[in-house]
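So the protein lines, in turn, are chains A and B. The first sequence runs 0 to 282 under numbering that gives the first Met the number 0. The second sequence runs 0 to 274 under numbering that gives the first Met the number 0.
Just so you know, these hints were derived from the structure itself, not from any lab. Please note: incorrect hints may appear among the correct ones.
As the list claims (entries may be wrong) - The following label-pair restraints were derived from C-beta to C-beta distances: (1) B:Asp94 to A:Ile117: 22 to 32 Å; (2) A:Thr192 to B:Ser159: 24 to 34 Å; (3) A:Leu96 to B:Thr207: 35 to 45 Å.
Here the structure is a predicted model, which means the values were calculated and not measured. We put the beta carbon where it would ideally sit given N, CA and C, even for glycine.
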Amino acid sequence: MPPRLAADKTDAELVEHFYARAARAETEQRRRVRQTTRVGQVVVLLALLGVWWAAAAVYPPVLVPGPAATVQAFFDGRATLWENTPITIAEIVLGFLVGSLLGIGLGIAIAQSRWAEIILTPYLVVSQAVPKVALAPILIIVLGYGLASKVAVAALIAFFPLLENTIAGLRQVDPDSLRLLQSLGATRWQIFTKLRVFTALPLIFAGLRIAAVLATVGAIVGEFVAGNRGLGALLVTSMGTFSTSLLYATMGVLTALACGVYLAARSGERRALARYNLAPPER
Amino acid sequence: MDATDQVATRPSRRGPAAEDRAPRVVIRCQDVHKFYLAGSRSVYALKGIDLEVREREFVSVVGKSGCGKSTLLHCIAGLLPVSHGEVAINGERVDKPGRRDIGLVFQTSALLRWRTAWDNVLLPAEVFGLSRAAIEPRVRQLFRLVELEGFERQYPNQLSGGMQQRVAIARALVHDPAVLLMDEPFGALDAQTRETMTLELMRIWEATPKTVLFVTHDLQEAAFLATRVVVMSARPGTIQAIVDVPMPHPRTPDLLARADFVETVQRLRRLLMAQ
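Please construct the entire structure, taking both the sequences and the accompanying hints into account.
This is the structure we're talking about:
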């Protein structure tokens, strides 16, 4: 039994005593968690590379090139990759912008009117179910083989999550906040700008995050179907010419691109929500 | 004969004078009925409500849950249309929301979480299109009144439940409405905070007397605050009794132990239990 603490110390001294100990323990705990996490993640990475390497050892390089061959292909093909990447980036960015602006705009328009929503509901449900990538050939027939058709495919896929989330966000208003504004005689416009826009923001930003990823998918699908340029087209040509290691390297670039797009969207979301002290939507 | 004359004339002289002195009616409900369909069931929420609330009166409305007390308040605020009868505030018929002479407080604070406490209090002024500069001295004064000085820049989620309701009260007062309608404003607070807030509200009301209609299911709270307590019975919601609470102001916690106050609360309880 240790000696009684409180007897000869002031409260401030006791706080200092416990604080130092608690802070030390917490730092140590955090360090240990971080370390274990890192080690675990490296182990998983090595395991994945091991699987890849093992597969490459079993299959001939033309079917499964190993990690080393892929890195080699990345360097050998860097001119081709460098040439095609900006095209794909442009398609993603333009498709994302066009699709999300249209989705938000139409969502706002529909949310203004009960009738519009009731009448359009079956069409919105069907449009959810339609496999959007299947529309790529139709769009390409209309818009040709240039940039516009890929932007259109990317925009079309990015459009729907924003349409849906904008409508849902504008509708999910706290009833008492709404009553308060109504009791003050607020106009529809005031209720929109002072209340609905803000309650919709978390869902709109969640929609933008999803749309960013989907725009990437859309751009690649567009290039698959009608590509002579861009990373998606490069995937198809590499496959056709059995340049499998270039195929892998292209895939790596696309993955990096998709990650970049996702992280950018997520950081934009976080910044905007923090700016307005909003919580992300519950899942 | 002189004496008899005087006796005879006195009441008639006092009559009009007394009427002049009696505060005017601010809220008037005449034969208010409210009936509505909620899905497959129908609700006869209010039946033949007659109620007059005079200027600077504090009237509490008590009743079991589902007795229509909140519905009555919503009808008076113009948020719900009445099915029959008439609600009037300051002599004007209420048929839609948007009066500038009422302030509303709900059970939830209904604060906008993307606005600071300060900007939340400013909201009514913004809706009315008043200039910020003109209203800010009053907002400052209200933060002092609800004892939240120093918390102006905090967001609602950084404030405790009691503090959020204080902000909501300040917001309800910012346009200096004649009428304050409060729908179980302390219903979501813990017992301790609730008691503090009741005392606070009394202090605020004594400082800035408004005509208040206060819905609650807490009988002691109702009686402590009110000059009159309306007891409602349910299905359909009718006024069962109106009980005067004549104890003088300012009211302090000592009142809670006074025999006549305890008797009043007991009477309210008996009325509700008799239903």
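Taking 22 to 32 Å as the stated bounds, is the beta-carbon spacing between Asp94 of chain B and Ile117 of chain A within them? holds, 27 Å
Consistency of beta-carbon spacing, Ser159 of chain B to Thr192 of chain A, with hint 24 to 34 Å: holds, 29 Å
Note whether the CB distance of Leu96 of chain A and Thr207 of chain B lies within 35 to 45 Å or breaks it. violated, 52 Å
Taken one by one, the earlier hints fail for this structure only at number 3.
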